[in-house]
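Model the full structure from these sequences, guided by the hints.
In case you want the letters, here they are:
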Amino acid sequence: MKQHPDNGTRTSLFMKIMTLLSAVIFITTAVTTVYSSENAISGGTEPQLLDSGPGPEKADRDSVASVEAFGKVYKVLMSPRCMNCHPAGDVPLQGDDSHLHTMLPKRGVDGKGVYAMKCSNCHQATNTPGLHTPPGNPKWHLPPADMKMVFEGRTPHQLAKQLVDPKQNGRKSMKKLLEHADDTLVLAGWNPGEGRTLPPMSHAEFKEAWTTWIKNGAYAPKP
Amino acid sequence: MIKLTINQKKHQVDVDPDTPLLWVLRDTLGLVGTKYGCGVAQCGACVVHLNGEAVRSCVTKVSRAAGQKVVTIEGLAARADHPLQKAWLELDVAQCGYCQSGQIMSAAVLLKENKNPTDADIDAAMAGNICRCGTYLRIRDAIRLAAEMQRNPSKG
Ligand code: FES
Ligand code: FES
Numbered sequence: 000m001k002q003h004p005d006n007g008t009r010t011s012l013f014m015k016i017m018t019l020l021s022a023v024i025f026i027t028t029a030v031t032t033v034y035s036s037e038n039a040i041s042g043g044t045e046p047q048l049l050d051s052g053p054g055p056e057k058a059d060r061d062s063v064a065s066v067e068a069f070g071k072v073y074k075v076l077m078s079p080r081c082m083n084c085h086p087a088g089d090v091p092l093q094g095d096d097s098h099l100h101t102m103l104p105k106r107g108v109d110g111k112g113v114y115a116m117k118c119s120n121c122h123q124a125t126n127t128p129g130l131h132t133p134p135g136n137p138k139w140h141l142p143p144a145d146m147k148m149v150f151e152g153r154t155p156h157q158l159a160k161q162l163v164d165p166k167q168n169g170r171k172s173m174k175k176l177l178e179h180a181d182d183t184l185v186l187a188g189w190n191p192g193e194g195r196t197l198p199p200m201s202h203a204e205f206k207e208a209w210t211t212w213i214k215n216g217a218y219a220p221k222p
Numbered sequence: 000m001i002k003l004t005i006n007q008k009k010h011q012v013d014v015d016p017d018t019p020l021l022w023v024l025r026d027t028l029g030l031v032g033t034k035y036g037c038g039v040a041q042c043g044a045c046v047v048h049l050n051g052e053a054v055r056s057c058v059t060k061v062s063r064a065a066g067q068k069v070v071t072i073e074g075l076a077a078r079a080d081h082p083l084q085k086a087w088l089e090l091d092v093a094q095c096g097y098c099q100s101g102q103i104m105s106a107a108v109l110l111k112e113n114k115n116p117t118d119a120d121i122d123a124a125m126a127g128n129i130c131r132c133g134t135y136l137r138i139r140d141a142i143r144l145a146a147e148m149q150r151n152p153s154k155g
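Protein sequence lines, in the order shown, are assigned to chains A and B.
Per numbering that gives the first Met the number 0, the first sequence starts with residue 0, numbered consecutively.
Per numbering that gives the first Met the number 0, the second sequence starts with residue 0, numbered consecutively.
Hints listed in this document are in silico derivations from the structure and should not be mistaken for laboratory results.
Incorrect hints may have been included.
Stated by the list, open to error - Within a straight-line C-alpha distance of at most 20 angstroms, the following computed EDC-like cross-link-like pairs (lysine to aspartate or glutamate) qualify:
#1 A:Lys111 with B:Glu112
#2 A:Lys111 with B:Glu52
#3 B:Lys68 with B:Asp17
#4 A:Lys111 with B:Asp122
#5 A:Lys147 with A:Asp182
#6 A:Lys221 with A:Glu67
#7 A:Lys74 with A:Asp181
#8 B:Lys111 with A:Asp109
#9 A:Lys74 with A:Asp96
#10 A:Lys111 with B:Asp120
#11 B:Lys9 with B:Glu73
#12 A:Lys138 with A:Asp182
#13 B:Lys60 with B:Asp15
#14 A:Lys138 with A:Asp109
#15 B:Lys60 with A:Glu193
#16 A:Lys175 with A:Glu207
#17 A:Lys166 with A:Glu151
#18 B:Lys85 with B:Asp140
#19 A:Lys147 with A:Asp109
#20 A:Lys138 with B:Glu52
#21 A:Lys147 with A:Asp164
Note that the coordinates shown come from a computational prediction; the quantities given were computed from them, not determined experimentally.
So this is what it looks like as structure tokens:
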């Protein structure tokens with residue numbers, strides 16, 4: 000059957016539009032699927048937008064790598080060397096079993112203790128030699144009362160969210176958070192004084208995980 | 000030579016800078032009111048004031064005190080008449096007495112920073128001072144009495 004020339008033009012136009020439409024639909028579906036499956040794999044929760052500092056660009060983010068790195072970070076932060084000074088209550092913890100600090104020193108307003116029980120009354124600038132002696136650092140303290148930065152009892156999801164929230168992390172920007180890996184009090188965890196176990200990995204390994212977690216978007220693991 | 004100011008008197012001592020302040024006080028300078036209990040910051044017998052803070056002299060290197068102001072029980076009050084000392088006598092706090100100079104030096108920081116401490120404040124301040132004779136209740140009463148004397152000197 001012969002087609003009317005006009006009809007032929009209309010048909011080919013119709014075909015072109017349909018092809019274009021299906022292509023658009025295909026691409027949209029594909030992108031959506033990839034995006035949601037990525038979220039499903041990592042369980043990543045986007046961090047809140049953070050204040051100043053070189054926050055990771057959207058394109059550089061990798062939620063899978065970020066969440067995986069946080070797994071390591073979490074192990075270190077929940078080890079006694081870190082968690083003992085981030086207690087849920089107002090008394091620091093002590094020892095590898097994280098018992099309440101004997102003598103029950105209190106946090107105080109600034110985190111440096113109260114009255115005759117200030118941290119630096121016993122904790123010197125350096126470790127005191129011998130077993131069961133006070134470990135040292137020039138700025139030995141707990142987080143202050145108005146921002147307790149609790150680690151004890153936090154799930155990975157809760158801790159990750161808390162760490163990137165300036166209202167809960169000591170008002171730290173992304174840049175400051177990255178730098179915090181080399182804070183002398185953080186480093187003290189790897190020089191804990193005699194008879195105390197070290198965190199479960201080297202400081203270098205921890206710092207790498209910390210940086211990877213943050214630079215890939217500081218995603219929180221699934222709740 | 001390390002320069003120290005102890006009880007407002009200047010001293011020069013020829014000791015290793017890592018020597019515990021307690022050793023210098025007791026052995027080098029003969030100020031034996033400050034006691035040695037545990038040597039590892041766990042009992043409070045060795046408390047002295049370093050720039051007004053109740054440091055444990057057994058773990059404080061003498062180098063930390065260099066050029067700073069140290070006060071021991073001997074220098075707490077010129078005539079041993081600090082309200083705490085008076086209250087201690089009045090209530091007969093001491094039993095063997097070994098822990099008491101540390102107790103008083105810790106309590107003195109509490110009363111300097113809090114003129115009217117509650118029992119909870121007293122417990123928080125004194126939790127690190129151990130008394131093997133168990134005089135805790137009298138210590139608490141004496142701190143309350145001393146606080147009152149401090150607020151109304153006529154009562155002393
Ligand atoms: S002797 Fe210093 S605290 Fe026990
Ligand atoms: S009075 Fe004996 S140890 Fe306190």
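* To do: Would you check the hint for A:Lys147 and A:Asp164, treating anything up to 20 angstroms between C-alpha atoms as holding?
  => holds (13 angstroms)
* Asked: Is the Cα-Cα distance between A:Lys74 and A:Asp96 20 angstroms or less?
  -> holds (15 angstroms)
* Asked: Holds or violated: are the alpha carbons of B:Lys60 and A:Glu193 at most 20 angstroms from each other?
  -> Holds, at roughly 18 angstroms.
* To do: Given the hint that B:Lys9 pairs with B:Glu73, test it: the Cα-Cα distance must not exceed 20 angstroms.
  => This hinted pair holds, its Cα atoms lying about 15 angstroms apart.
* Asked: Is the hinted pair B:Lys68 and B:Asp17 satisfied, with a Cα-Cα distance of at most 20 angstroms?
  -> holds (18 angstroms)
* Taken at face value, is the distance from the CA of A:Asp109 to the CA of A:Lys147 at most 20 angstroms? -> Distance of about 10 angstroms is within 20 angstroms: holds.
* Assess, step by step, whether the Cα of A:Lys111 is no farther than 20 angstroms from the Cα of B:Asp122, and give holds or violated. => Holds, at roughly 17 angstroms.
* **Hinted pair A:Lys138 and A:Asp109, Cα distance within 20 angstroms** => holds (12 angstroms)
* Asked: Are the Cα atoms of A:Lys175 and A:Glu207 separated by 20 angstroms or less?
  -> holds (16 angstroms)
* Asked: Is it true that the CA of B:Lys111 sits at most 20 angstroms from the CA of A:Asp109?
  -> holds (18 angstroms)
* A:Lys138 and A:Asp182: Cα distance at most 20 angstroms? -> The hint holds at about 11 angstroms.
* Is the straight-line distance between the alpha-carbon of A:Lys138 and that of B:Glu52 20 angstroms or less? -> Holds, at roughly 15 angstroms.
Checked against the numbered hints listed earlier, the structure breaks none of them; every hint is satisfied.
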